[in-house]
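Asker: Single-letter residue listing:
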Amino acid sequence: EAQVTQNPRYLITVTGKKLTVTCSQNMNHEYMSWYRQDPGLGLRQIYYSMNVEVTDKGDVPEGYKVSRKEKRNFPLILESPSPNQTSLYFCASSYRHGAYEQYFGPGTRLTVT
Amino acid sequence: AQSVAQPEDQVNVAEGNPLTVKCTYSVSGNPYLFWYVQYPNRGLQFLLKYITGDNLVKGSYGFEAEFNKSQTSFHLKKPSALVSDSALYFCAVRPDTGRRALTFGSGTRLQVQP
Numbered sequence: 001e002a003q004v005t006q007n008p009r010y011l012i013t014v015t016g017k018k019l020t021v022t023c024s025q026n027m028n029h030e031y032m033s034w035y036r037q038d039p040g041l042g043l044r045q046i047y048y049s050m051n052v053e054v055t056d057k058g059d060v061p062e063g064y065k066v067s068r069k070e071k072r073n074f075p076l077i078l079e080s081p082s083p084n085q086t087s088l089y090f091c092a093s094s095y096r097h098g099a100y101e102q103y104f105g106p107g108t109r110l111t112v113t
Numbered sequence: 114a115q116s117v118a119q120p121e122d123q124v125n126v127a128e129g130n131p132l133t134v135k136c137t138y139s140v141s142g143n144p145y146l147f148w149y150v151q152y153p154n155r156g157l158q159f160l161l162k163y164i165t166g167d168n169l170v171k172g173s174y175g176f177e178a179e180f181n182k183s184q185t186s187f188h189l190k191k192p193s194a195l196v197s198d199s200a201l202y203f204c205a206v207r208p209d210t211g212r213r214a215l216t217f218g219s220g221t222r223l224q225v226q227p
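Chains as they are written, first to last, in the numbering used here: chain A, 1 to 113; chain B, 114 to 227.
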C-alpha cells in the first residue's frame, strides 16, 4: 500500500530535550516536505527536499533541522524544543515538486512543556 | 507573496443540499490550485487540482471546483452533500514556475446535518 508513515504519532517532552520525528514514504517520490498545523493558521511549511541531499527552508524553519540521506526518509529534528513548537506536524511527499498532489502522513502531535 | 483566503471558518448544510466552500488566492503568475480534505485524526487527503485547461475540475467523492481567473477564486462544490462529507477542507496555491512551496488557507469546517 502506498503510504507516508510518521513516528511517533504522539509525543510529550520537556523544553530542551532533543527529539526526532521520522518520516518514510514507499512511493519513490522525489519531493518531501514537513508542515506544522496550528488552529486558525492552516498548514505552514517548515522544510522541504527536492531530492536526496537537497533540502531548503520553508516559511517557518526556525528551531528545526532536516536531512535527506535516502530517498524514502526525511526526519525532522528539534535540537532544543520550546513550548512554541507544540503543534501538529505532517510529513508529505509527491512525485516531484510542482503540479503533483502531495500524500500526507497521519500526523505527529507534539507537546513541549 | 502568495496567499489563500478561506473566508468562512465553518459552513453548515443539510444533507442532500448543494454545498460550496469558498477560496480566493493571490499568486504571481499562473496558479496551481489544490483542494485537500482532513478527517478527524487523519492526515490531509487530495481531492482535486487545477493546473491548466478546463476551468471546471472534477475530483474525488463527487466534488468539483471552478477556477475563475478574473475573480482569483477556486470554490469547491458538490451538488448533493452527504453527512460523511463533514470534515475540514483546505485550499492551497503555488505558482506554476519556480521553487515556491504550496501555501494553504486556514481551512473551512464543513458540517453536514442529517
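Just so you know, the hints here were simulated from the structure itself, not pulled from any lab data. No residue lacks a Cβ here, since even glycine has one placed at the ideal position from N, Cα and C. Take the hints with a grain of salt, since some may be wrong.
As the list claims (entries may be wrong) - Under 7 Å between C-beta atoms, here's a sample of chain B residues computed to sit facing chain A:
| id | residue |
| --- | --- |
| 1 | V126 |
| 2 | G142 |
| 3 | Y152 |
| 4 | G156 |
| 5 | I164 |
| 6 | G166 |
| 7 | G211 |
| 8 | T221 |
Asker: Against each hint, give a clear statement of whether it holds in the structure.
Answerer: These are the hints, each one checked on the structure:
At its closest, the beta carbon of V126 (chain B) sits 22 Å from a beta carbon of chain A; the interface hint therefore is violated under the 7 Å criterion. For G142 (chain B), the suggested interface contact is broken, since its CB lies about 13 Å from the closest CB of chain A, more than 7 Å. Given the 7 Å rule on beta carbons, the hint for Y152 (chain B) is violated: about 11 Å separates it from the nearest Cβ of chain A. Here the hint on G156 (chain B) is kept, as its CB sits about 3 Å from the closest CB of chain A, short of 7 Å.
Contact between I164 (chain B) and chain A, as hinted, is supported at the beta carbon level, the nearest pair being about 5 Å apart and thus within 7 Å. Taking 7 Å as the C-beta cut-off, the interface hint given for G166 (chain B) is violated, the closest approach to chain A being about 12 Å. Hint status for G211 (chain B): violated, given a least beta-carbon distance of 10 Å to chain A, over 7 Å. This hint is violated: T221 (chain B) has a C-beta 10 Å from the nearest C-beta of chain A, more than the 7 Å allowed.
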